[in-house]
Amino acid sequence: MAAHVTEPYDFKAIEARWRDHWTEKGYFRVDTKARDNTFYYLNMFPYPSGYLHVGHGRNYIIGDVLMRFYRMRGYNILNPMGWDAFGLPAENAAIDRGIHPREWTVKNIAYAKDQFRAWGIVYDWDREIATCEPDYYRWTQWLFLELYKKGLAYRKRATVNYCPQCKTVLANEQVVGGGCDRCGTAPEPKTLEQWFFKITEYADRLLDDLATLESWPESVKKMQENWIGRSEGAHVTFKTEKGGELAVFTTRPDTLWGATFMVLAPEHPLVDSLTTPEHKSEIAAYRDRALRASDIDRLSTEREKTGVFTGSYAINPVNNERIPIWIADYVLVTYGTGAIMAVPAHDERDFAFALGYGLPILPVIERADRRARAFIPLSAVGADFEKLASDDGLPVVKREDGYVLDPAWDDVNRAVRLVQGELKSGAWASVVGTRFAFIFQDAIIAHDSIAADREIVARCALLTGASFHARTAMEILTHIPAYEGLLFHADVGTMQHSGRFSGTRGHQAKEAVTAWLEKAGKGKKSITYRLHDWLISRQRYWGAPIPIIYCGKCGEVPVPEKDLPVQLPDVAFIGKMGLADIPGYADTTCPNCGGPARRDTDTMDTFVDSSWYYLRFINPNDTRQAFVRDDVDHWLPVNQYVGGVEHAILHLLYSRFVTKALYDLGHVGFQEPFARLFTQGMVCHTAYKCPEHGWLYPKDVAEGNRCPTCGKAVETPYFSMSKSKKNVVDPSEIIDRVGADAERLYTLFMGPPDRDIEWSEEGIRGSFRFLNRVWTLVSDLAPRLAPRTAGADPAALDADGLALWRRVHRTVRKVSEDIQDRFSFNTAVSAIMELANDLAKYAERPDADPDLLREAVDRLVLVLAPICPFLAEELWRKVGHEGSPLEAGWPRVIEEALGADTVEIPVQVNGKLRARITVSAEIAADAKALEKAALESADVKAKLGDVTIVKAIAVPNKMVSLVVK
RNA sequence: GCCGAGGUGGCGGAAUUGGCAGACGCGCAUGGUUGAGGGCCAUGUGGGCAUUACGCCCGUGGGGGUUCAAGUCCCCCCUUCGGCACCA
Numbered sequence: 001m002a003a004h005v006t007e008p009y010d011f012k013a014i015e016a017r018w019r020d021h022w023t024e025k026g027y028f029r030v031d032t033k034a035r036d037n038t039f040y041y042l043n044m045f046p047y048p049s050g051y052l053h054v055g056h057g058r059n060y061i062i063g064d065v066l067m068r069f070y071r072m073r074g075y076n077i078l079n080p081m082g083w084d085a086f087g088l089p090a091e092n093a094a095i096d097r098g099i100h101p102r103e104w105t106v107k108n109i110a111y112a113k114d115q116f117r118a119w120g121i122v123y124d125w126d127r128e129i130a131t132c133e134p135d136y137y138r139w140t141q142w143l144f145l146e147l148y149k150k151g152l153a154y155r156k157r158a159t160v161n162y163c164p165q166c167k168t169v170l171a172n173e174q175v176v177g178g179g180c181d182r183c184g185t186a187p188e189p190k191t192l193e194q195w196f197f198k199i200t201e202y203a204d205r206l207l208d209d210l211a212t213l214e215s216w217p218e219s220v221k222k223m224q225e226n227w228i229g230r231s232e233g234a235h236v237t238f239k240t241e242k243g244g245e246l247a248v249f250t251t252r253p254d255t256l257w258g259a260t261f262m263v264l265a266p267e268h269p270l271v272d273s274l275t276t277p278e279h280k281s282e283i284a285a286y287r288d289r290a291l292r293a294s295d296i297d298r299l300s301t302e303r304e305k306t307g308v309f310t311g312s313y314a315i316n317p318v319n320n321e322r323i324p325i326w327i328a329d330y331v332l333v334t335y336g337t338g339a340i341m342a343v344p345a346h347d348e349r350d351f352a353f354a355l356g357y358g359l360p361i362l363p364v365i366e367r368a369d370r371r372a373r374a375f376i377p378l379s380a381v382g383a384d385f386e387k388l389a390s391d392d393g394l395p396v397v398k399r400e401d402g403y404v405l406d407p408a409w410d411d412v413n414r415a416v417r418l419v420q421g422e423l424k425s426g427a428w429a430s431v432v433g434t435r436f437a438f439i440f441q442d443a444i445i446a447h448d449s450i451a452a453d454r455e456i457v458a459r460c461a462l463l464t465g466a467s468f469h470a471r472t473a474m475e476i477l478t479h480i481p482a483y484e485g486l487l488f489h490a491d492v493g494t495m496q497h498s499g500r501f502s503g504t505r506g507h508q509a510k511e512a513v514t515a516w517l518e519k520a521g522k523g524k525k526s527i528t529y530r531l532h533d534w535l536i537s538r539q540r541y542w543g544a545p546i547p548i549i550y551c552g553k554c555g556e557v558p559v560p561e562k563d564l565p566v567q568l569p570d571v572a573f574i575g576k577m578g579l580a581d582i583p584g585y586a587d588t589t590c591p592n593c594g595g596p597a598r599r600d601t602d603t604m605d606t607f608v609d610s611s612w613y614y615l616r617f618i619n620p621n622d623t624r625q626a627f628v629r630d631d632v633d634h635w636l637p638v639n640q641y642v643g644g645v646e647h648a649i650l651h652l653l654y655s656r657f658v659t660k661a662l663y664d665l666g667h668v669g670f671q672e673p674f675a676r677l678f679t680q681g682m683v684c685h686t687a688y689k690c691p692e693h694g695w696l697y698p699k700d701v702a703e704g705n706r707c708p709t710c711g712k713a714v715e716t717p718y719f720s721m722s723k724s725k726k727n728v729v730d731p732s733e734i735i736d737r738v739g740a741d742a743e744r745l746y747t748l749f750m751g752p753p754d755r756d757i758e759w760s761e762e763g764i765r766g767s768f769r770f771l772n773r774v775w776t777l778v779s780d781l782a783p784r785l786a787p788r789t790a791g792a793d794p795a796a797l798d799a800d801g802l803a804l805w806r807r808v809h810r811t812v813r814k815v816s817e818d819i820q821d822r823f824s825f826n827t828a829v830s831a832i833m834e835l836a837n838d839l840a841k842y843a844e845r846p847d848a849d850p851d852l853l854r855e856a857v858d859r860l861v862l863v864l865a866p867i868c869p870f871l872a873e874e875l876w877r878k879v880g881h882e883g884s885p886l887e888a889g890w891p892r893v894i895e896e897a898l899g900a901d902t903v904e905i906p907v908q909v910n911g912k913l914r915a916r917i918t919v920s921a922e923i924a925a926d927a928k929a930l931e932k933a934a935l936e937s938a939d940v941k942a943k944l945g946d947v948t949i950v951k952a953i954a955v956p957n958k959m960v961s962l963v964v965k
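For the record, in the first sequence the residue sitting at position 599 is 599 according to our numbering, with numbers rising by one throughout.
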C-alpha cells in the first residue's frame, strides 16, 4: 500500500485542546427540577488525602464512562462530586506540617480537582460540597437534632473503645481486627458520657430490607446480614441461691436441662454481689487481668479458656439443679445479657471450659446421625466376647485396648445388656453417642444428672484405685481413643433426659420449651443482635460540633435550629486537641432560660457527615433547608452507586439507617438510599519490602531486587496501592507518557471491574498502541469517507462489505449492553478493538465502499467516545463533523444488520465436533430443516461413513448433534 | 469455625440461556521495514501425536455423576482471596 503520511498521535496536544471543553459547554450541568429521563449516578466521594492514584482513578473513570454514555443516550445525568473532608488524617497531617487542617484540606481538594480534569472526568462543580464547610455541616447538625427529636440520638455513660494514639473514642465498627482502623493501635476501654445513634432500633428493618436491594452485590448484603447478626432464642431467668435473679440469652432453650453451670462476663454488674468473701481476692485478680488484656488476646478462639468460681450457685429453673456461677472472659459483656447458661455437652466453648475445670457435662440432645458406640476394655470381658457380639448381630471390632461395638440406634439397649451380662467382676464399660451410660455389673448409670455424674466417678474411682484422677464422667471418656469425635455435638436433635420434654424433636423442641418458659414466667422468646448502637462522639477538633448545650437548670438542651451552625472555632491549630481544649468554646448561654451553660465539646464521627451527603447534592446551595423533599423524592434512590467494597458495612449501613430515620420523620419518601450498588475492585501493584528496612520505592531497589542499604533480597508481594507500601502509580506520570485516554482505556480493559487487578506496564503500552492504530486508521480514512449520508446500502455491498456492516452494528449493540446492563467494560473495549481490526482489514481494499466506511468510522468514534473522550472529540472533527460526539448522541443500531444471510453450524457426532456446515439463516432457524441439511451435507456423510443414526438433535442457530452406532 | 467470591494457555482475561473453550490484549517466536536499536507491519502461538492430507488424542483445580452435549448443572474434595469470628 502506498504510504500515506499521517501526523503522529499527539495525545498531549489533543488532550490539552479538549480538557476544558466539556465543562465550558456545560454538557454535564443538570437542573434537579428536571423530571424526565433522569439518572442519578454517584461515586463514593473521596477523602481529600493528598493525591489520587490510578487505583482511585478506576473508580471515577467507570463513573465518567457511564455518565458520558447516558448523556449520549439523552438522559439528564446527575453525577456530582464532593469531599468527605472532615476527619483524623487532616488533623494528623496538619500536626506534622504545622498548619491548620482546613488549609491542608483545601489544598488537597484543589489538587484532586485538577487530577479529575487531567483524566477528562467531568463533574458539575456548581454542586460541589465539602463536609467541612459550615454550609454543609450546619445540616449535619440539623440531622443530629432531628434524630434527637425522635429519640434516636441519646447520651449515655458507657464503656467504649478509646484509641490512645488517635486520642478519641471509636465506634464498634471502627475497631478492626482488634485495632483502631486508622492507626492499628489496640483500643483501651474507657468509661465516658457519649452520644449514640440508636441504629439497633432499625436492626430488623435494616436486615429485612436487604431483600429489596436486588441490584446489590450478594457479598455486601451478606456482610451486612452478618454484621447485624440477628439471633432468635429466649431470655431465661435463673434464680440465684441467695434469692437474686440472673438473666441469660440462649439460642438453644431446648438444651436447658444440660445447663450445669453459669458464666458471667468479668465486667458483669452482678459479679460483686455474687462473689462470696472467700472468693473475693481471686475474682478481683481475674477481673483485673481480663480488663487489662487487649481485645486481640481476649478474642482469640485459640486461647485456653480461663475462669474463676464466684462461690455462688444458681438454680436451673427446669430441673432445680444447683449449678455454680463462674466468671470467664470468653463471655462478652457486650452481647446478650453478658451472662450465659453453660451447656457443655452441646456448646463447644462450654465443653472446653467444663473439661478444663472439672464441671459436669450432661448430654441432653440426641445426635442427629444417631450413632452410638460402646467401648469394652479387653480385661472387662472374656476372650469370646467378639464372637458373642457378632453372633448377636452387633457390629464389633477388636482393637489393641478393647472391643468397639457400633450398634444401630434401636440396638443400643440390647448391646448394653449384652455387655453388662459379660462384664467380669470389678470391671466397667461405657456407651456414648446418641446414648451416654456407664455399665457396671450391678447397674447401668446414664449420666443425666449431676448426682449421676458424681456416682459414676465414685464407682470408677473405687474400681480403678489410686491411679484414678478424673473429676467427671466425661473426663473419663475423653481418655478412651475409640470415642474421639463422638463425645460432643451441637446438633439440633431430639431432646433426652429433659423431663416431660424428652423425645421432643429438633426445631419444635425450641418452640415448645420457649412456650413453656413463657407460661411458667421463667423466660420469654427474644431476639438479640450483634449490632450495637452507633457511638458518634469524637474528642477531636476536625469534625462537626455536636449541637447540644448543658444547662445547670434545664439539663440537656438542643441548640435551636436558628442558631445553626454551631461553628468550629477558628483558632490556630496546635497539636492534638479537641474542642474542650479551646478556651472559651464551651461557654455559652442556655437557649431555654438564658442562664450560663456549656456546649458539648465533642464532634461527630465523620461517618455521620457521609451518611446523608447523597441528599445534599440535589439542592447543594439551598441555605434554608438540607434538601427539597419533592426533588429528592424524584431523584433518589440513587440509580447507581459505585465505590469500594471496604465500605460494605460502615458507610452503607449508616446511610441506610439515616435514610430510614428520615423517612420515619417524614423528610423523604423512600426507605433505601441506593437502588443499585456496584463495588469495584482494587488496583494492585508490586510492592518491594526489605526484611530489615521495610517498604522501598521501586526506583530505589538495587539491581537483582536487592535492598540498597543492606543488600538483602527484597520480597515483592502484590498489594492494593497505598502510600505506606510505596507501590502507588502516579497518574500524572502515565498521562504525561501515554495520555489520559490510554490510561482510561487500560483501566477498563484490564479486567472485570468488580475484581482486583494488577497494574501492568505492558498492558498500558498495549492500550496506547491501540489508540495509535485508531488514530492512524481514522486519519488515513478521512479523505475516503463518503460525505455524511444516511449510511451504507446493504444491497450495494459485497460479502466483505456486508460482514463489516454487520460487525459495525453488532459492536454498537454489544458495547451498549456491556456498558448499560453488564458493567462489562473490558468486553466492550475488546469489541471495539475487533471492530477496528475488521475495519482496517476492509479498508485495505482500494474499492472499499465510501458509504460503509463513513458508517463504520463514525460509529467507531462514537462508541469510543465515552471511554476515550479526548481522542473521540479530535477524530469526530477530523472526519468532518461539527460539535461533540456528546451532542451527536449514541448511534442507533440497524436491526437488520444483526442477522446474517448464512450461518455456520457445527455438527457433532457422538459428542465430538466433526464437521461444520454453512446454511442459510432460514434453515439455521428451523430445527427440521437444519437436521436435514446436516444429514445431507457431503462433508457430514463423509465423516459418518457407514453407520446407523440413532438420534439427531438440531438446535436452531446453534448446532446439530448426531448419535450414531 | 461460619459466611461470601474465585481457581480457564507463559500472563490479564472471554465464553451473557447447557450448544464450536481460549475472543480481545500482553508476552513470546519467525519474517519484513531500518545503518543499528526502538517503533511499526505480517504470520504463528493450549498440550501432545503427526504433518501426506485433512487430521487424531488430551485439555477449564481434583474425583465422581446427569446429558446427544458440561468451564457452565448435581455430589464430594483440594486450594486462593475477602468478611465475621469465644455473638451463647
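Hints were generated in silico from the structure; no laboratory data involved. Mixed in with the good hints, there may be bad ones.
Claimed, not checked - Here are the in silico distance ranges between beta carbons for each label pair:
hint, residue 1, residue 2, range
1, Lys239, Ser467, 26 to 32 Å
2, Leu291, Leu463, 44 to 50 Å
3, Glu282, Pro395, 45 to 51 Å
4, Asp208, Gln508, 23 to 29 Å
5, Arg784, Asp114, 55 to 61 Å
6, Lys841, Arg916, 28 to 34 Å
7, Leu463, Glu282, 30 to 36 Å
8, Ile95, Glu511, 24 to 30 Å
9, Asp901, Lys841, 16 to 22 Å
10, Thr23, Ala929, 55 to 61 Å
11, Thr251, Ile95, 45 to 51 Å
12, Asp664, Gly74, 32 to 38 Å
13, Ala461, Lys239, 54 to 60 Å
14, Lys280, Ala461, 41 to 47 Å
Because the structure is a prediction, the values reported are computed rather than measured. Each residue gets a CB set at the ideal place from its N, CA and C atoms; glycine is no exception.
Each hint tested on the structure:
1. Checked against the hint of 26 to 32 Å, the C-beta distance between Lys239 and Ser467 comes to roughly 41 Å, which is inconsistent with it.
2. Checked against the given bound of 44 to 50 Å, the beta carbons of Leu291 and Leu463, roughly 46 Å apart, stay inside it.
3. Our hint of 45 to 51 Å for Glu282 and Pro395 holds, since their Cβ atoms are close to 49 Å apart.
4. Distance hint check for Asp208 and Gln508: the Cβ-Cβ separation is about 25 Å, which falls inside the suggested range of 23 to 29 Å.
5. As the Cβ distance of Arg784 to Asp114 is approximately 40 Å, the hint placing it in 55 to 61 Å is violated.
6. Between Lys841 and Arg916, the C-beta spacing of about 22 Å breaks the proposed range 28 to 34 Å.
7. Our hint of 30 to 36 Å for Leu463 and Glu282 holds, since their Cβ atoms are close to 35 Å apart.
8. The beta-carbon spacing between Ile95 and Glu511, approximately 59 Å, falls outside the hinted interval of 24 to 30 Å.
9. In this structure, Asp901 and Lys841 meet the distance hint of 16 to 22 Å, their C-beta atoms being roughly 20 Å apart.
10. As the Cβ distance of Thr23 to Ala929 is approximately 58 Å, the hint placing it in 55 to 61 Å holds.
11. Checked against the hint of 45 to 51 Å, the C-beta distance between Thr251 and Ile95 comes to roughly 47 Å, which is consistent with it.
12. Range check, Asp664 to Gly74: about 37 Å between beta-carbon atoms, so the 32 to 38 Å window is met.
13. Restraint check, Ala461 to Lys239: a C-beta distance of roughly 33 Å breaks the suggested window 54 to 60 Å.
14. The beta-carbon spacing between Lys280 and Ala461, approximately 32 Å, falls outside the hinted interval of 41 to 47 Å.
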